[in-house]
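Visitor: Here is how the chains run, residue by residue.
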Amino acid sequence: MPVTEPARTRPPTIDARTYAEILQFYARHFQLLDEGRAEEWADQFTEDGEFAQNVKPEPRRGRSAIAASMRRGMDSIAERGLVRRHWYGAVTAEPAGEDAVRTRYYATVFETPRGGGEARVYLSTTAEDVLERHGDGWFVRRRHVAHDGT
Amino acid sequence: MPVTEPARTRPPTIDARTYAEILQFYARHFQLLDEGRAEEWADQFTEDGEFAQNVKPEPRRGRSAIAASMRRGMDSIAERGLVRRHWYGAVTAEPAGEDAVRTRYYATVFETPRGGGEARVYLSTTAEDVLERHGDGWFVRRRHVAHDGT
Amino acid sequence: MPVTEPARTRPPTIDARTYAEILQFYARHFQLLDEGRAEEWADQFTEDGEFAQNVKPEPRRGRSAIAASMRRGMDSIAERGLVRRHWYGAVTAEPAGEDAVRTRYYATVFETPRGGGEARVYLSTTAEDVLERHGDGWFVRRRHVAHDGT
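Protein chains in written order, with this note's numbering: chain A, 1 to 150; chain D, 1 to 150; chain X, 1 to 150.
FYI, nobody ran anything at the bench for these hints, they're computed from the structure.
Virtual Cβ for every residue (Gly too), placed ideally from N, Cα, C.
Don't take every hint at face value.
Coverage of chain X stretches by chain A, computed from C-beta distances (three or more under 8 Å per stretch; other residues unrestricted) [to be verified]:
1. 15 to 22
2. 89 to 98
3. 102 to 114
4. 122 to 131
5. 139 to 150
Facing chain X, a subset of chain A residues (Cβ under 7 Å, in silico) [said to hold, decoys possible]:
6. 16
7. 83
8. 110
Please model the complete structure; the sequences and the hints are all you need to start from.
Guide: Shown next, in the form of structure tokens:
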């Protein structure tokens, strides 16, 4: 069956091995976040990594600043008795030079109050990362998170 | 440890390379949908593709009809000030002849009102696709979406 | 660009082929669960498999006990006119001896009432499995599910 393939339907993709590495990278990354391990989570950024959100005036720059900021956020959430789960999904990925990948994905946060309350959707976002491979691991060089509806 | 394996627990699966291609295909597909790019989204169907839903009397047939119908839906959603995110998950896949794959997956839609409202679950569905590979890309030959609870 | 990689950022991961198998295993596993096929779902445990939850005093032990318990739960849900979808996500995986893998993942349940009601988040959990490969299939040797907020 002949099919006219519009050129625009042929996006760059990445190989299965890299894609599996990246899915596992994000799996660990968001589990660390939700376990309150801010420092280990921030270690998954490069030393000079950047973390920006469309709801904040300034990006956080550098692993230490990113860790400190997330630590404050996590402590506040824990004090309020909330458990959050950051889900990532719909990960597109394309090569961005050697040993680097540009991704875009959905990140949706679910929240459950401790003590028997109901789970609910807390927030829906999209995120764009530049990931770099150093040695046998992946690191976030740059992240931009956009909250839906803002 | 000997284990009696019931024959029914051995489903057909697809190789890692094809599975990674298909996950990336869906990632791009649903991102296009949620960005309001109805025509590019419809280009991911074959020319003679079919899109059916259990809540509609008739399937849409052909890339142009599918694009036109989705364009109307997207414009209506945008007019109402809503941002939707179509998540796909739990993708099973089995070979369906050469260069074709039959998939079944969950598709859940989250919705956030523009202007600061809360995100919520809008809809939970399951979907069944026949995907075909043409050249270096994948296309939807046939899709059937079933809304939960109907 | 030199990067100091903290040793703790190098987690064990598994190869792309095994990861794709496991994602497909879970996809089928949770689809069976949500289709009310308790026996086929339980067949994906080893004969001597174990299923524990932090909200139950005792784990279920053995495929038959697991199937019988799930059958009762499913029938109760169906009687109440509910459709549930178990999503899995953020799957980390590491080798656990030959032909075995230890996973941790998020499992979130969405619920839709039959007859036109709205979908909602029912429950957010994390799960830890030991999976074993026997022949060409994967099986759950041990699962522990922890409900968020309890």
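Visitor: Need the list of violated hint numbers for this structure, in ascending order.
Guide: none
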